[in-house]
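J.: For reference, the chains in residue letters:
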Amino acid sequence: MALNAAITCEFRSTAAANMVNGGGFRTGGSGTDYSTQDAAQWTATDLTCAAAATNIVSAASTFTTAAVHNLIHLTALTGTGALVGWYEITAYVDANTITLDRTPTDGTNAITAGTFYIGGALNVGGSLEDDFFEEISGANAADGISVYFYNNNSTSTVTFTPSEAISIAGAGGALAPIKIIGYKTTRGDNPTGNSRPTIAMGANILTFGVGNINHYNLIVTTTSANGLNIKAGGQAVNVKAVNNSTTANRAAFYLGDSVDILIYNCEAISYRGYAIQSYASVVNVLYSYMHDSNVGFYVGSTSSNNRLIGNIIESNVTAAVLFITANTAMNMFIGNTLYGSENTTGIGINAVISTDVKVLNNIIYGFVTGVSHDTAGQTVGYDDYNDYFNNDTDVTNWTKGGNDQAINPAFTSVAQVTGTAGTYAGSTLTDAAANFANVVDNQDFVYIISGTGMTAGQYLITAHAATTITTDLDAGENVAANVVYQVTTGRNFAVGTNLKALGFPGAFQAGLSTGYMDIGAVQRQEPVGGGGGQPVLRGSIVK
Amino acid sequence: MGKNIIDGQEFTYDDKYSHKDFTGRRLTDAKDLNGITIFGSCFSHETPDTKVFPDDMTGVTFINCNLDNIFIPIGNTVIGGSQRRFKVQKDARDWEIDNDGKPVKIINEKQWIIGGFSVDPIDIPVEVINKQVMTKDEYDRTFDKGIIPSSSLFEEVPQIINTETKSVVLVTKTVSLSKMKDLKNIVNITEDSVDKDKLQQYNLIKIRAEIDYVEVEGRAKMLDDLNRIKKVI
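Chains as they are written, first to last, in this note's numbering: chain A, 1 to 543; chain B, 1 to 233.
Hints may contain errors.
Below, a list of computed lysine-lysine pairs in the DSSO-like style, where the Cα atoms sit at most 27 Å apart [claimed, not checked]:
1) B:K87 x A:K184
2) A:K358 x A:K184
3) B:K105 x B:K90
4) B:K16 x A:K184
5) B:K31 x B:K16
6) B:K110 x A:K179
7) B:K3 x B:K16
8) B:K105 x B:K87
What the hints contain is simulated information worked out from the structure, not anything from laboratory work.
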């Protein structure tokens with residue numbers, strides 16, 4: 001036997017700390033779900049179990065049938081080879097005896113004493129987090145278990161701070177993945193923004209298993225090299241990952257050495273590194289937001305198919321997209337908005353080594369170079385129906401398509417504050433010549449480019465006044481009044497009417513017709529334009 | 001005020017500072033910390049002994065907080081959580097350090113072991129690993145011609161105290177069997193499986209050779225054997 005696939009677990013910040021509780025219940029089980037309360041329903045220290053038996057006995061307890069299908073956490077067991085961990089109660093025997101899904105003994109020796117907890121939600125701490133996730137993803141558990149993180153904060157996010165790295169070797173099933181899900185009020189309510197729970201890892205890595213783990217509705221912060229690590233068959237939906245390490249080249253999302261990964265409706269930021277770092281074989285990044293990093297989307301694999309559709313990749317230092325190695329697989333960019341800055345920063349798509357890149361229906365705006373390929377005269381790339389605007393150089397070693405545009409997309413609200421004479425002290429940048437009135441705290445970032453005593457890079461703005469902004473991390477100290485910086489504000493990339501009816505695909509071949517011609521990732525829907533480009537693009541082009 | 005229980009002991013905690021993410025931030029100007037209990041917050045910094053709290057902070061009890069690299073003034077209490085001193089090393093990974101600042105244990109050890117990477121501090125290179133295996137010009141000249149420029153190598157040099165023979169790791173373009181045979185005539189050399197999959201993406205292999213080292217100004221300097229290897233490659 002093993003933990004049932006329908007087991008659903010619960011993390012609550014108000015539950016008894018240090019992972020002591022049972023924390024789970026089989027959905028549809030015959031008992032009562034005690035996993036969403038703070039305290040265990042039953043706990044005692046007199047647990048005994050005969051060798052190889054699945055029945056456990058507690059003379060001090062009065063069990064009822066309501067205990068059935070709850071998880072029980074066995075700790076502090078006395079008995080050679082006794083196996084602490086989480087078990088499912090599969091049957092009620094009598095007021096002092098219940099049956100577990102498997103024996104907690106080594107098959108030879110009895111348990112003469114032990115502590116147990118039935119019910120009660122889980123709460124991090126006690127260096128048992130990794131053990132728990134190993135348990136629900138390992139040999140003792142069926143595929144498909146769900147783990148919920150509850151945000152009980154009525155006004156903001158609640159932070160869970162695990163006491164250790166979570167890097168489990170287990171996996172979910174290909175058709176029954178393990179689900180890690182955040183929720184606000186009721187399970188399935190799909191909270192957004194700061195209504196999602198936060199998992200703050202510090203330097204610890206967060207890798208929920210080696211594959212088939214799905215992540216929903218979470219905020220993850222970390223400084224570890226590999227950030228939130230999504231493995232084969234895994235997906236992240238409505239997940240915000242932030243790596244605010246000051247060490248270069250770290251990732252918010254790390255898609256490593258795996259296949260078939262989906263990143264959908266996610267947000268990624270890595271202050272000195274890569275918002276998303278891809279080494280995986282087949283990666284789909286859809287309708288996500290990569291920003292204020294050194295690189296938005298980084299490809300390090302020689303043979304990965306990366307499909308980026310409908311994303312906004314903006315205000316990154318070096319490049320929106322960077323291929324660092326020769327990639328002979330096809331990489332598709334459709335309907336994305338790639339934005340550098342008003343005063344041009346970095347490269348839109350930079351294929352530094354021979355790479356197969358297709359670029360269709362994107363806005364490429366505000367870069368030193370829009371698209372750059374390393375190989376002069378290459379013909380492997382394909383480009384059409386893109387709008388190149390406000391780039392110092394639109395393309396290098398890259399052939400534009402016949403239907404490309406050079407029209408101001410007239411973003412609804414995107415602006416920039418720049419300065420060259422700032423001072424910096426106590427995490428606050430001051431520039432008497434600046435106007436930071438339109439800065440939004442805890443949303444906008446300042447890119448500190450240079451300055452005596454300063455550490456260049458991206459910093460989150462946590463507070464502002466007319467001529468000052470305060471950063472989350474300390475950037476140094478400057479009294480020379482030579483801090484060079486820039487801040488993107490507004491960040492509303494919905495396009496104006498200029499791009500109306502200019503997008504792909506226009507008229508299909510063979511007499512098929514379409515009105516879906518608006519360009520860009522963020523469509524402005526106009527009657528003449530056609531009323532929606534992305535669905536048609538998805539259905540007709542990317543299969 | 002929130003309430004929780006650890007080991008049967010109930011405690012109350014401050015809502016403003018509990019269950020919050022303060023990673024990398026400083027609270028040195030906070031005036032309302034003294035005497036409170038902070039539960040389940042992350043204050044982790046990347047620089048050892050960072051002062052994020054006021055020097056005169058007293059009476060604060062931290063329960064299950066991540067206080068890695070955080071200096072806690074005398075007069076405060078830490079229960080549970082994490083309070084490691086770590087620092088990024090020249091292998092670009094975070095390592096717990098001892099009082100002398102020497103790396104002793106890698107952070108996220110389990111993950112690195114699962115990935116097949118060394119977790120022995122002796123394998124930390126003296127020089128920062130050069131991830132740019134070759135320059136673009138070198139690449140243009142050589143990639144399709146099967147020529148391997150010596151500068152395409154980078155070496156992971158083990159820390160060394162005195163002159164001795166150490167195992168050195170070289171990363172290079174895939175070496176033919178005949179060249180591998182030539183190499184083995186020079187030194188004891190084997191292919192290293194660590195990072196193998198990742199290196200294959202770059203058409204690289206990692207080989208480990210027994211090389212004589214000598215310490216020069218605190219850094220490991222390789223003797224002639226390595227140059228002979230490079231010539232063969």
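J.: Compare the structure with each hint and give your call.
T.: Going through the hints against the structure:
1. B:K87 x A:K184: 36 Å, violated
2. A:K358 x A:K184: 40 Å, violated
3. B:K105 x B:K90: Holds, at about 14 Å.
4. B:K16 x A:K184: 19 Å, holds
5. B:K31 x B:K16: 13 Å, holds
6. B:K110 x A:K179: Given that 27 Å is the threshold and the Cα spacing comes to 22 Å, the pair holds.
7. B:K3 x B:K16: Holds: K3 (chain B) and K16 (chain B) sit about 13 Å apart, inside 27 Å.
8. B:K105 x B:K87: 11 Å, holds
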